[in-house]
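Trainee: Read top to bottom, the protein sequences are chains A and B. Numbering follows the numbering used here, with no gaps: position 30 of the first sequence is 30. Whatever position you read off the second sequence (first residue = 1), add 113 for the numbering used here.
Bear in mind the hints are in silico, worked out from the structure with no lab data behind them. We put the CB at the ideal spot given by N, CA and C, even for glycine.
Straight-line C-alpha distance at most 27 angstroms; calculated BS3-like pairs for lysine-lysine:
1) A:Lys95 x A:Lys70
2) B:Lys212 x A:Lys57
3) B:Lys212 x A:Lys9
4) A:Lys9 x A:Lys70
5) B:Lys182 x B:Lys171
6) A:Lys95 x A:Lys9
7) B:Lys182 x A:Lys95
8) A:Lys70 x B:Lys212
9) B:Lys212 x B:Lys182
10) A:Lys71 x B:Lys162
11) B:Lys191 x B:Lys171
12) A:Lys95 x B:Lys162
13) B:Lys212 x B:Lys171
14) A:Lys95 x B:Lys212
15) B:Lys162 x B:Lys182
16) A:Lys95 x B:Lys171
17) A:Lys71 x A:Lys9
18) A:Lys57 x A:Lys9
19) A:Lys14 x A:Lys57
20) B:Lys162 x B:Lys191
21) B:Lys162 x A:Lys57
22) B:Lys212 x A:Lys71
23) A:Lys71 x A:Lys95
24) A:Lys57 x A:Lys95
25) A:Lys57 x A:Lys71
26) B:Lys212 x B:Lys162
27) A:Lys70 x A:Lys57
Which chain B residues stay away from chain A? Per the calculated CB distances, all over 12 angstroms, these:
28) Arg135
29) Asn174
30) Asn181
31) Lys182
32) Ile223
33) Pro225
Covered by chain B, according to a simulated footprint, are these stretches of chain A (three or more residues, beta-carbon under 8 angstroms):
34) 39-49
35) 93-101
36) 104-112
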Amino acid sequence: NAGVTQTPKFRVLKTGQSMTLLCAQDMNHEYMYWYRQDPGMGLRLIHYSVGEGTTAKGEVPDGYNVSRLKKQNFLLGLESAAPSQTSVYFCASRKGNRNSPLHFGNGTRLTVT
Amino acid sequence: AQSVTQLDSQVPVFEEAPVELRCNYSSSVSVYLFWYVQYPNQGLQLLLKYLSGSTLVKGINGFEAEFNKSQTSFHLRKPSVHISDTAEYFCAVNFGNEKLTFGTGTRLTIIP
Chain A
1 NAGVTQTPKF RVLKTGQSMT LLCAQDMNHE YMYWYRQDPG MGLRLIHYSV
51 GEGTTAKGEV PDGYNVSRLK KQNFLLGLES AAPSQTSVYF CASRKGNRNS
101 PLHFGNGTRL TVT
Chain B
114 AQSVTQLDSQ VPVFEEAPVE LRCNYSSSVS VYLFWYVQYP NQGLQLLLKY
164 LSGSTLVKGI NGFEAEFNKS QTSFHLRKPS VHISDTAEYF CAVNFGNEKL
214 TFGTGTRLTI IP
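Working from the sequences, and respecting the hints, build out all of it.
Mentor: Take a look at the structure:
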């Protein structure tokens, strides 16, 4: 029973490099989300998806892109990493009804030097 | 604007003492309310949720929360804390759309 799996767990990038974070869920959830967590700021929504082939911007989308080509996967891309993107990234998923809780992955710790 | 406020960023409590973590939200619409817990170096786990019905909701690990519509609050309580309750606690609200809005979190530290 894997739930939500994020890869990689840790990554160090140099400024300007690119990378993709992978999120996979095996619960057949319609909705998927990418958050970043920074000290004192809680969780901030980057992008989200309400179904395969659809994505939408959250509150802090700049510098990130996403794709949801398959229902079970949600990819987060950093085109040109900046030190301000040093953070812990969490993926989450849930069923489509409003009262469904989010299920979270264990996070990816990204450092940009 | 719809927002979730957790006024206490850190709460130190002696072991076996009671604790209350406060959460207020700004909306008059029908909402769904959640509390999540994050243990060190882990993702967030659902602690409890209020959807409808009784305003007192019981969750895992002995926690409970009370929904107060008139005060737009959803405070989390535990009558006697343990060392293992050391974690960060997040209040979250669904205001009726696709997204969940989180508070900034309260770090609970248990003092032996």
